[in-house]
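**Q** Chain by chain, the residues:
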Amino acid sequence: MDLAYYPGCTLKTRAKNFETSALAVMLALGINLVELPRWNCCGTVYSLAEDDLVHHIAAVRNLIRVKEQGKNKVVTLCAFCYNTLKRANLVMKDSPDKRYAINNFMDEEPDYNGEVETVHLLQVLRDDVGWDKIAQQVKHSLADLKIAGYYGCTLLRPQPVAIDSVERPTILRDLINALGSKAVEFPYATECCGAYQVVNNRDIITERISAILNSAVKSGAEAMIVSCPLCEYNLRQVKSSTKQPQSGVRLMPTLYFTQLMALAFGLDPAVCGFEENSPETRAWLKSKRLIS
Amino acid sequence: MNNKPFIKRALVIGGGIAGIQAALDIADAGYEVILVERSPSIGGHMVQYAEVFPTLDCPQCIMTPKMVEIAQHPNIKLMTYAEVQKVNGSAGNFEVEILQKARKVDMKKCTGCGTCWQKCPEKVLSEFNAGMAKRTVVYIPFPQAVPAKPVIDIEHCRYIHYQRFMAGKQEGKKPPECRICEKLCPVDAIDWEQQDEIVHEKVGAIVVATGFDLMPISRISEYTEDPDVLNGIQFERLLSPSGPTAGVVIRPSDGKTPKEVVFISCCGSRDPEHGVPYCSRVCCMYLAKQALLYKHAVPDGQAYVFYIDTRSTGKGYEEFIQRAVGDGVLYLRGKVSRLFREGDKLLVYGADTLSGKRVEIAADLVVLGMAVIPSDGTKELLTKLNITADENGFITEKHAKFYPLETNVNGVFVAGMIQGAKDIPDSVAQGSGAAGRVLTFFAQNSITDKTMAAV
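As they're listed, the protein sequences go chains A and B. For the first sequence, this note's numbering assigns the number 1 to the initial residue and increments by one for each residue that follows. For the second sequence, this note's numbering assigns the number 293 to the initial residue and increments by one for each residue that follows.
Keep in mind the hints are simulated off the structure, nothing from the lab. These numbers come from a predicted model, not from an experiment. Heads up, the beta-carbon is just placed ideally off N, CA and C, and yes, glycines get one too. Wrong hints could be hidden among the right ones.
Said to hold, decoys possible - Between beta-carbon pairs, the in silico distance windows are:
#1 A:ASN201 x B:PRO569: 49 to 59 angstroms
#2 A:GLU280 x B:SER629: 27 to 37 angstroms
#3 A:ASP128 x B:HIS588: 55 to 65 angstroms
#4 A:ARG168 x B:PRO564: 12 to 22 angstroms
#5 B:GLU634 x A:LYS12: 32 to 42 angstroms
#6 B:ALA538 x A:ASN201: 37 to 47 angstroms
#7 A:LEU90 x B:SER629: 18 to 28 angstroms
#8 A:LYS218 x B:ALA538: 48 to 58 angstroms
As the list claims (entries may be wrong) - Here are the simulated BS3-like cross-link-like pairs (lysine-lysine), alpha carbons at most 25 angstroms apart as the crow flies:
#9 B:LYS300 x A:LYS218
#10 B:LYS300 x B:LYS358
#11 A:LYS286 x A:LYS139
#12 B:LYS358 x A:LYS218
#13 B:LYS401 x B:LYS475
#14 B:LYS637 x A:LYS146
#15 A:LYS16 x A:LYS218
#16 B:LYS426 x B:LYS415
#17 A:LYS182 x A:LYS288
#18 B:LYS400 x B:LYS300
#19 B:LYS551 x A:LYS218
#20 B:LYS494 x B:LYS637
Start from the sequences and build out the full structure, keeping to the hints where you can.
**A** Given below as structure tokens:
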């Protein structure tokens, strides 16, 4: 099965390991993620200003590119891209005035009416592939690993774009269980990592990440899986703050969920690009004899 | 208008404070009343409370005389453990079928001595104590129950399970035959043969006073379900001198004294997205009362109340809130976004919108002011009575202003929480009001149909 795939900028730069591992595990599951021949930045952050329509245009253009391929569904990996595309589409679907203004502005593009559904890869895994089929694909038992799924914000908020229960999501837990590892649930799994505050206020990141990591450690997790490159980036940032030294906080090995899948499926670790992960992650993988 | 006999006899459905008041008023005026209550005792929710606002009197003390009066009133026929099943006819001439559930106890022989419920070996969670304690399977719900004679809870009785097993109707291990209550009863009142029974009654008017339940905590998905997260009625039982801890406030998980207690208003109320759109009207006051009673019980403890705005419109109510504030209860204007366990504490994430700050409290105990909702089973009853409810399940009055106690069916009246959220004084006033409307109707010489009257 072929699915239209929108990568977004980060997956071509800082998070190549997310993309290579995702393409490989989906191929193993019989799904070919076909990258759009032409795409641009998703717009990065969904603009909340009522009259700021120009910031939706990047996202809408991408959705038009999907439509041009004769597809009505596009898969994203980056949780931020998912959020931006999905919400821009809701504007085009549900707000006739805004749709009219945006279509008029983009007079070089065909009119777009919100026909393309944006889905996150986790939804494809749950709804199209199914946990049973994923469990059957497991070749390499990771049964002794205690893994926490960290959601962050953009997969779950706001409610109209949530891929799972906003308050009590289970999709990462279910994936971890399907892969045969022990899923650790922790109360901070849906807390914000601080997102773009990392640009100008690292102390916020330190405070948020410390709380998240401490909670995961207390709940017994030894590693974490994520779906958002920005969360992954921020989860490495505890040490760099000087103002708030967080005693007792240690960085946690962090993988993209597709990397854990690749390990469980017994794929060549090269597809995971672990050299892009944090040193803590690599050290932990070595200690578990998952990489050499 | 018609030649049907005009039956000047009333049926009151629901034995809480509204129904009790309605029944007593009608009976005192000289008319017969049948009071039907679903549970084994009358008393409703009021009798579960520790103390009642704003006067802090003891509800058992002020209510038991009324309950006993119901039982002894020559004009009142009390049917507990009974449910209305079918209603036919019209104003002045209703035919009612009432299901009298089998108590398995002969009410004529039983003296209420208590031997059976003291010796019964099987225990389940007590409804009266809101699951905070256990009761036996042959039981009276609470010591002041009216009638003070037990019922056998057949869903949990060992002998009933044994009988079902022997008849091949139940799988699993063979239950013990038990029958301890029967062996010990000094007057042979245990009656295993007793069956459910349909009782037919004719009445001229009906008062519906079926009351409320609390919305389940599980409806608020951002709050955790936890032994130390209680709803308002559960905390009443902890505060009550007749409760499972004799009024000593403890943390249910480990029995320690809670030093930081958070009370959260509007849990489900005023929240059309996740709960109900209406204000439950009693939570602001009872949470203030509970915070105050907690401060009396644990003077060095800290009570926090999260609120949207305090609604204290009754007589003496605002003064009561100010008394709680003066006694050291800390009011924080804001909502709580998350509540979860971390170690031996419950973390409460909220906002204090007056200082504009995020608030995080590590609490020992959290009390949720859950929304009041129509009592379970009301919808089915209303269908039997042909009366209408609003989108929230509360009974719609014939006219919100001028016929607030009448329903859309002539001869059927409404009182208490089931008309809409209200406190005890309003429920009692409405019980009396509904009784007054019944008596006005009974004072007519013939059945006057005012259904089409313009308002």
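**Q** Next step is simple, just say for each hint if it's right about the structure.
**A** Going down the list of hints, with the structure as the test:
{"no.": "1", "hint": "A:ASN201 x B:PRO569: 49 to 59 angstroms", "in the structure": "violated, 38 angstroms"}
{"no.": "2", "hint": "A:GLU280 x B:SER629: 27 to 37 angstroms", "in the structure": "holds, 31 angstroms"}
{"no.": "3", "hint": "A:ASP128 x B:HIS588: 55 to 65 angstroms", "in the structure": "holds, 59 angstroms"}
{"no.": "4", "hint": "A:ARG168 x B:PRO564: 12 to 22 angstroms", "in the structure": "holds, 21 angstroms"}
{"no.": "5", "hint": "B:GLU634 x A:LYS12: 32 to 42 angstroms", "in the structure": "holds, 39 angstroms"}
{"no.": "6", "hint": "B:ALA538 x A:ASN201: 37 to 47 angstroms", "in the structure": "violated, 53 angstroms"}
{"no.": "7", "hint": "A:LEU90 x B:SER629: 18 to 28 angstroms", "in the structure": "holds, 23 angstroms"}
{"no.": "8", "hint": "A:LYS218 x B:ALA538: 48 to 58 angstroms", "in the structure": "violated, 36 angstroms"}
{"no.": "9", "hint": "B:LYS300 x A:LYS218", "in the structure": "violated, 69 angstroms"}
{"no.": "10", "hint": "B:LYS300 x B:LYS358", "in the structure": "holds, 23 angstroms"}
{"no.": "11", "hint": "A:LYS286 x A:LYS139", "in the structure": "holds, 19 angstroms"}
{"no.": "12", "hint": "B:LYS358 x A:LYS218", "in the structure": "violated, 54 angstroms"}
{"no.": "13", "hint": "B:LYS401 x B:LYS475", "in the structure": "holds, 15 angstroms"}
{"no.": "14", "hint": "B:LYS637 x A:LYS146", "in the structure": "holds, 24 angstroms"}
{"no.": "15", "hint": "A:LYS16 x A:LYS218", "in the structure": "violated, 31 angstroms"}
{"no.": "16", "hint": "B:LYS426 x B:LYS415", "in the structure": "holds, 6 angstroms"}
{"no.": "17", "hint": "A:LYS182 x A:LYS288", "in the structure": "holds, 15 angstroms"}
{"no.": "18", "hint": "B:LYS400 x B:LYS300", "in the structure": "violated, 28 angstroms"}
{"no.": "19", "hint": "B:LYS551 x A:LYS218", "in the structure": "holds, 24 angstroms"}
{"no.": "20", "hint": "B:LYS494 x B:LYS637", "in the structure": "violated, 57 angstroms"}
The structure is inconsistent with the numbered hints 1, 6, 8, 9, 12, 15, 18 and 20, although it conforms to all the rest.
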